[in-house]
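Going down the list, the sequences are from chains A and B. The working numbering puts the first residue of the first sequence at 1, with every later residue one more than the last. The working numbering puts the first residue of the second sequence at 1, with every later residue one more than the last.
There may be inaccurate statements among the hints.
Covered stretches of chain A, as calculated for chain B (at least 3 residues, CB under 8 Å) [to be verified]: (1) 26-37; (2) 76-89; (3) 163-170; (4) 224-234.
Heads up, incomplete: computed chain B residues facing chain A, CB under 7 Å, no partners named [stated by the list, open to error]: (5) N99; (6) F101; (7) L165; (8) P167; (9) M170; (10) F174; (11) T236.
Quick caveat, the hints were computed from the structure, so don't treat them as lab data. We treat Cβ as the ideally placed atom computed from N, Cα and C, and that holds for glycine.
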Amino acid sequence: MKLVFFNDFKLGVLKDDRVVDLTNVVQHINQPTPQDLLNGVISEFRTRYRNQFLEAAEKGQGVPLSQVKLQSPLPRPGKIVAMAANYLENGALKEARPINAFLKSPETILATGGTVVLPPDQANVFHHEAELGIVIGKEGAYVGQSEAYNYIFGYVNFIDVSARGLGGSSFFWGKSWDTFGPCGPYLVTADEIADPQNVPIQLWVNGDLRQNYNTNDMGHSIRRTIEWITSVTTLEPGDLIACGTNHQGLGAIQNGDQIEMEIPGLGRLKVQVKDDLKREWPRGIDHVIGDRVAGRA
Amino acid sequence: MKLVHFNNYRLGVLKGDRVVDVTSVVQDIPHVGPHDRMSRLIERFDQYRGKLEQAAQSGQGIPMEQVRFRAPVPKPGKIVAMAGNYLENGTLKEARPINAFLKSPNAVIGDGDTVVLPPEPVTIFHHEAEVGMVVAKKASRVNAADAKSYIFGWMNFIDVSARGLGPQGMDTFFQGKSWHSFAPCGPYLVTADEVPDPQNMPIKLWVNGDLRQDYNTNDMGHKIPDTIAWASSIVTLNPGDVIAFGTNHQGLGALQDGDKVEIEIPGFGRLHVSVTDNMKRSWPRGVDHAMADRVAGRA
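Next comes chain A alone, as it looks inside the complex:
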């Protein structure tokens, strides 16, 4: 099932290239905010909403996707836990780097069609980082690897936009700017991705293919990642795990760029970039960072 938020944050389900409005099905859920609505759906999805949504999708006519404005399918996750340096860089690294993560501000979330706004701060460069996003389905602390997949509700495309060279190695300063978390367009339930450890991820800038990698290159597996994160802190329904990126294919983003990202089955995420300072960087792949992360520099 592919869930979306559209227009003024109505919840909908995709039926081919049409959106069926689910508002009536979920109106009794306690929903001070759209994220609260989503968390309520996620919490009782298997026991209650899945069948109701399937029925609504079957019966409903829906409206063409092209006629609605899509919002982020994850309006404001309670937490975004983002893995750092979590790929083997197309096998260049012999083993995974020591496991590490950071919290990315939930206020970074940006819907497809939105604009990444580069701050005026003197970053060395701004990079895209295309990632697999995992949306959590139930509360978990101290989760073991064997049960880890039971905690996954679904998946989203996610871009961990990054500012380099601000505040030293500070992740807060590098990663948490408003609009630095494009997400979506669909929240796809876990059953539609047979093996999340083997999905291709592609990102284009102005039509040029930049990142082109597979999650089978991941350093710490999804199971290990969920196990480790939940040993540190509790994950809750609606939380987002960004699995990290393969840095081969990373490049600068700058004013006017059109970025697109796609994982098959998750739709295509499209955002543009705005920089009031109109700074310029070399176009194409940034091999310097690619080499450094792969240990070739």
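Following the hints, position chain B against chain A.
Relative to the frame of chain A, chain B by itself:
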């Protein structure tokens, strides 16, 4: 006004040494649980302040000793925690480059709760007594001159820290700071009008009755208005978000199994938490001078 959560996350207002239950006053605010009830109350505080004051005035209240305080902000939308933000009793000539990290909202615990030390290969665990600020309204790119109007209130805060984990040379704040139970706060959330000079407050922390940290917020590197301005230039702050202003490292010490930790900023109540460690590791008791010297640039 001093707001508290008590017992089963009832909302209370302090009246002298008594707690008046004002939960019914806020029940009509749309919310999912106590955590967002607090932030949504803060968002509309102007509308509710009068009713809360009235309820506090007319209510009998229960003696404080008879209630169990809970965290006043059980799960804030964000905790922005400042790093290296003190002049270390003036030993540093100038503030260190401004920096912060996000601490997991799920780390919050309250008065009487337990800090659980994880079985990780740390070099040591430290307490970090801090002043915590709660955001009043949406703040994005605010000017330092306007910062005051974005402050809802204040509370005691401990930024419990695990040292020595994670890869060298990388930001490892997630595995240093975000462990379950690593964010004790409260017991009171004191509204800003009762804290006229937050830049001049003594903070004290004791372990097992011994005074460890004993410093004043006037030693802060990046002052409160500048910090709010800087943080809000990067992330939009929302009502109920927390900013922890960092700690003065002179007086930091180890936390270990069996410790009883207390922190008090005058007027904020005293926050008590205990510490457990299944591995029963032990570290030297008292102040960790090695750490203090390093941060003050004496090592």
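Hints, verified against the model:
no., hint, result
1, 26-37, "holds (count 3)"
2, 76-89, "holds (count 5)"
3, 163-170, "holds (count 4)"
4, 224-234, "holds (count 4)"
5, N99, "5 Å, holds"
6, F101, "5 Å, holds"
7, L165, "9 Å, violated"
8, P167, "4 Å, holds"
9, M170, "6 Å, holds"
10, F174, "5 Å, holds"
11, T236, "5 Å, holds"
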